[in-house]
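> Once you've looked at the hints, dock chain B against the given chain A.
2 protein chains.
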Amino acid sequence: MQTLIWNNLTEVEKQQALARPTISTSDELKSAVQNIIDFVRLQGDQALFELTERFDKIMLDSLEVTPQQIANACELVPEDLKLAIQNAKRNIQVFHEAQKLPIIDVETQQGVRCEVLTRPINQVGLYIPGGSAPLFSTVLMLAVPAKIAGCKKIVLCTPPPIANEILYTANLCGIETIYCVGGAQAIAAMALGTETIDKVDKIFGPGNAFVTEAKRQVSQLANGATIDMPAGPSEVLVLADEFADADFVASDLLSQAEHGADSQVILVTTSENLVKQVLQSVEKQLAQLARAETARQALSHSRIFIAENLQQCIEISNQYAPEHLVVQVENARDLLPLLDNAGSIFLGDYSPESMGDYASGTNHVLPTYSYSKTYSSLGLADFSKRMTVQELTPQGFMDLAKTVERMATAEQLDAHKQAVSIRLAKMTKQAIQPIAK
Amino acid sequence: MQTLIWNNLTEVEKQQALARPTISTSDELKSAVQNIIDFVRLQGDQALFELTERFDKIMLDSLEVTPQQIANACELVPEDLKLAIQNAKRNIQVFHEAQKLPIIDVETQQGVRCEVLTRPINQVGLYIPGGSAPLFSTVLMLAVPAKIAGCKKIVLCTPPPIANEILYTANLCGIETIYCVGGAQAIAAMALGTETIDKVDKIFGPGNAFVTEAKRQVSQLANGATIDMPAGPSEVLVLADEFADADFVASDLLSQAEHGADSQVILVTTSENLVKQVLQSVEKQLAQLARAETARQALSHSRIFIAENLQQCIEISNQYAPEHLVVQVENARDLLPLLDNAGSIFLGDYSPESMGDYASGTNHVLPTYSYSKTYSSLGLADFSKRMTVQELTPQGFMDLAKTVERMATAEQLDAHKQAVSIRLAKMTKQAIQPIAK
Numbered sequence: 144m145q146t147l148i149w150n151n152l153t154e155v156e157k158q159q160a161l162a163r164p165t166i167s168t169s170d171e172l173k174s175a176v177q178n179i180i181d182f183v184r185l186q187g188d189q190a191l192f193e194l195t196e197r198f199d200k201i202m203l204d205s206l207e208v209t210p211q212q213i214a215n216a217c218e219l220v221p222e223d224l225k226l227a228i229q230n231a232k233r234n235i236q237v238f239h240e241a242q243k244l245p246i247i248d249v250e251t252q253q254g255v256r257c258e259v260l261t262r263p264i265n266q267v268g269l270y271i272p273g274g275s276a277p278l279f280s281t282v283l284m285l286a287v288p289a290k291i292a293g294c295k296k297i298v299l300c301t302p303p304p305i306a307n308e309i310l311y312t313a314n315l316c317g318i319e320t321i322y323c324v325g326g327a328q329a330i331a332a333m334a335l336g337t338e339t340i341d342k343v344d345k346i347f348g349p350g351n352a353f354v355t356e357a358k359r360q361v362s363q364l365a366n367g368a369t370i371d372m373p374a375g376p377s378e379v380l381v382l383a384d385e386f387a388d389a390d391f392v393a394s395d396l397l398s399q400a401e402h403g404a405d406s407q408v409i410l411v412t413t414s415e416n417l418v419k420q421v422l423q424s425v426e427k428q429l430a431q432l433a434r435a436e437t438a439r440q441a442l443s444h445s446r447i448f449i450a451e452n453l454q455q456c457i458e459i460s461n462q463y464a465p466e467h468l469v470v471q472v473e474n475a476r477d478l479l480p481l482l483d484n485a486g487s488i489f490l491g492d493y494s495p496e497s498m499g500d501y502a503s504g505t506n507h508v509l510p511t512y513s514y515s516k517t518y519s520s521l522g523l524a525d526f527s528k529r530m531t532v533q534e535l536t537p538q539g540f541m542d543l544a545k546t547v548e549r550m551a552t553a554e555q556l557d558a559h560k561q562a563v564s565i566r567l568a569k570m571t572k573q574a575i576q577p578i579a580k
Numbered sequence: 144m145q146t147l148i149w150n151n152l153t154e155v156e157k158q159q160a161l162a163r164p165t166i167s168t169s170d171e172l173k174s175a176v177q178n179i180i181d182f183v184r185l186q187g188d189q190a191l192f193e194l195t196e197r198f199d200k201i202m203l204d205s206l207e208v209t210p211q212q213i214a215n216a217c218e219l220v221p222e223d224l225k226l227a228i229q230n231a232k233r234n235i236q237v238f239h240e241a242q243k244l245p246i247i248d249v250e251t252q253q254g255v256r257c258e259v260l261t262r263p264i265n266q267v268g269l270y271i272p273g274g275s276a277p278l279f280s281t282v283l284m285l286a287v288p289a290k291i292a293g294c295k296k297i298v299l300c301t302p303p304p305i306a307n308e309i310l311y312t313a314n315l316c317g318i319e320t321i322y323c324v325g326g327a328q329a330i331a332a333m334a335l336g337t338e339t340i341d342k343v344d345k346i347f348g349p350g351n352a353f354v355t356e357a358k359r360q361v362s363q364l365a366n367g368a369t370i371d372m373p374a375g376p377s378e379v380l381v382l383a384d385e386f387a388d389a390d391f392v393a394s395d396l397l398s399q400a401e402h403g404a405d406s407q408v409i410l411v412t413t414s415e416n417l418v419k420q421v422l423q424s425v426e427k428q429l430a431q432l433a434r435a436e437t438a439r440q441a442l443s444h445s446r447i448f449i450a451e452n453l454q455q456c457i458e459i460s461n462q463y464a465p466e467h468l469v470v471q472v473e474n475a476r477d478l479l480p481l482l483d484n485a486g487s488i489f490l491g492d493y494s495p496e497s498m499g500d501y502a503s504g505t506n507h508v509l510p511t512y513s514y515s516k517t518y519s520s521l522g523l524a525d526f527s528k529r530m531t532v533q534e535l536t537p538q539g540f541m542d543l544a545k546t547v548e549r550m551a552t553a554e555q556l557d558a559h560k561q562a563v564s565i566r567l568a569k570m571t572k573q574a575i576q577p578i579a580k
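The listed protein sequences derive, respectively, from chains A and B.
Position one of the first sequence corresponds to residue 144 (my numbering), numbered consecutively onward.
Position one of the second sequence corresponds to residue 144 (my numbering), numbered consecutively onward.
Check each hint, because a few of them may be wrong.
Identical copies carry no separate label here, and so any pair may be met within one copy or between two of them.
Straight-line distance between alpha carbons at most 25 Å, and here's what the computed SDA-like set of lysine to any residue pairs gives [what the hints assert, rightly or not]:
#1 Lys243 with Arg262
#2 Lys157 with Glu385
#3 Lys243 with Leu479
#4 Lys225 with Pro304
#5 Lys569 with Ala430
#6 Lys569 with Asn474
Don't read these hints as lab results, they were simulated from the structure.
Keep in mind it's a predicted model, so treat the numbers as computed, not measured.
So that you can see chain A by itself, here it is in the shape it has in the complex (with noise of 0.2 Å):
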């Protein structure tokens, strides 16, 4: 890890030390999951068998996973591992019901009422990776938040072979539909629709690079799917002063480290004593871990700043807008009203990444690589989408009459006017009738 002064730096080198690798989509990338997309939208069904068999080196029978084999695998997870999904789940879901949005219903001016409307999304695709480690844990980020905004279709797409956990946590949460389906395909069958695959509306997920690509791809296509967000490597900032444990500090390190070679690990201190201890137990560490080829990776291009004073600090997080920020410091709260641009915040010597990783109760699908400067961290809202609503009585409609046929008129809109005029002249008119008669 490499130690920097903050206040050593020129303006240049600040940017270039809080700056993200480039990500680069080669060329090759790019046309490769053109193709994969063009064959599922040309062959269907067939394109994802044979996509399946090239890439999983699996022979399917059927796409879609038969309740038989669901069933099967929910016998096969351990009680204990169970219990903790489920324990996970109920907070997860009690945080994300919180966040339904109340209605708003307002006369903005006497006889015109304005509404905004929330709605779910109708039709929802949920990704879930495949390799070695099944990510049963985002099935219940996606999951939750899309059952509890009323998604009418939610399927989820994981290449084979499913882990028993996944499939679990999906019938945990009343997913009926699962494909058996990975990668770029899945992402393009969700997209497009196969015989099979009913095209849905906005896909959610994480995935590898021709995940990513497929779903980049397809998000620009003028009949494709809207995607939850732009996706980059994970990241984590420790912001700690000297009061903070520098085995905490070094373990929320290593846990975001362990997640790749590309993870993005940046710790931000006013402590050079803490610096020393937490590289010591960096190590220390580092040496209990499975994935520890894969964590000094990551922290071979990871950072530590040394800043003046912890407003220092923030303002080193806030440009760098991390993805997950750790803030280990007396009285962490205090430092709250402070902290922008940030996806998830965990505050405290005992709210570790890991805790809203899995189970606190937020979800973990968050903006990376900056986006946390204009994006959100996943939830209720972005299953649900806010339609708006006006209603105007007649004396309302002429109350603001004069307002828009003006403006209308300045803009050069004259049927805009006309909608107007026309109603007006036709109330005028009934209002005087009945003095005529």
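Okay, now just chain B, sitting in the frame of chain A:
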């Protein structure tokens, strides 16, 4: 206008009848825009001056509009128009202030506190197109929520010559930084930054094909900017029964048709009689419109659907997912729970689209091209982002520790588990020590 009886159509014909024309961005346009973006990236302000001279035929002295220019412009706006704009602003303000999100703060289980904090996006760029008619109403729709959200830096770009109404409205909304630059070069400048124009985090606002393509391209750059939503031609769907006033319906169809030859105009009704009257009224009203030719072109590809009953009308609308949905039926509000996938809904005879376009209080920046299935009407949320926070007490941590350890083990993420175990061990040690003293 082509009239179709919904029940007479096959499934494929139904889909075709509701399909939007493909938006085809030519390769020429794409590369022209890319060149402009590259030019601005490399040459900064100089590129903006040159491109303004080339496209707008104006040699600028400076990019930023001076306070004196703004003051002069404000004097030239007629008093009655000022009052109209002020009235509209008040309503927009009331409606968007009502959208402030409550703080969410829950204990998901004892000792596990989770929160959602809403924070303004720090730096936003607003784009207002030029052209013959000054779209000052869009200034209200972008600037009012940006201000309420609390965005720290708000800049506005619009091409020369800038209409007095735009400067007046921006000033009224408290926008202090206005740049006299338009087109793809304005989008590039806001996304990348130049000597004069600071880079922003997110760009909002409508524009021509160049602006739309530039927004798309900068949203795909790793160091570009996020954008409000994808853009397509403006649309209205009027849903009417036999009680609707044909003149009102016709005027609402024409309000949309005058926007552009590519505007999408749809009438869905249960009443053949209404269709006849509407067609007659459209002809009559067209005669009085300055933009009659544009409206005629839009109407030439517009469609009327005759449905069996209101239920079918609703299904058609939900499937089409219009930007604007005007509901002129008896007891319009009764339909509201069944209506879905619309940017903004206008209920009843006295809520024409132009009321929402200008002054009811709702936002007129809305998802087109069926994006209302997943995107929302522009609102306060779009100028904000949500961060989550978690804080566990030592007891809360201990209660949740086993759950997280068990899940991390199953996902083979050792370091995630270790971040919990290492804390647990220290807590146990500390708890035992007092007894050992």
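> Take the hints in turn and mark each one as holding or not.
Verification of the supplied hints:
1. Taking CA atoms no more than 25 Å apart as the test, lysine 243 paired with arginine 262 passes in both settings, with 11 Å inside one copy and 18 Å between copies.
2. Taking CA atoms no more than 25 Å apart as the test, lysine 157 paired with glutamate 385 passes inside one copy only; the shortest distance there is 23 Å, against 68 Å between copies.
3. With identical chains, the CA atoms of lysine 243 and leucine 479 are at most 25 Å apart both within one copy (23 Å) and between copies (19 Å).
4. For the identical chains of this complex, lysine 225 and proline 304 are intra-copy neighbours only, at 20 Å inside a copy versus 66 Å across copies, given an alpha-carbon limit of 25 Å.
5. With identical chains, the CA atoms of lysine 569 and alanine 430 are at most 25 Å apart between copies only, with a shortest distance of 19 Å across copies and 84 Å within one.
6. Proximity of lysine 569 to asparagine 474 under the C-alpha cut-off of 25 Å is restricted to the inter-copy arrangement: shortest distance 20 Å between copies versus 67 Å within a copy.
In the structure shown, no violation is registered for any of the earlier numbered hints.
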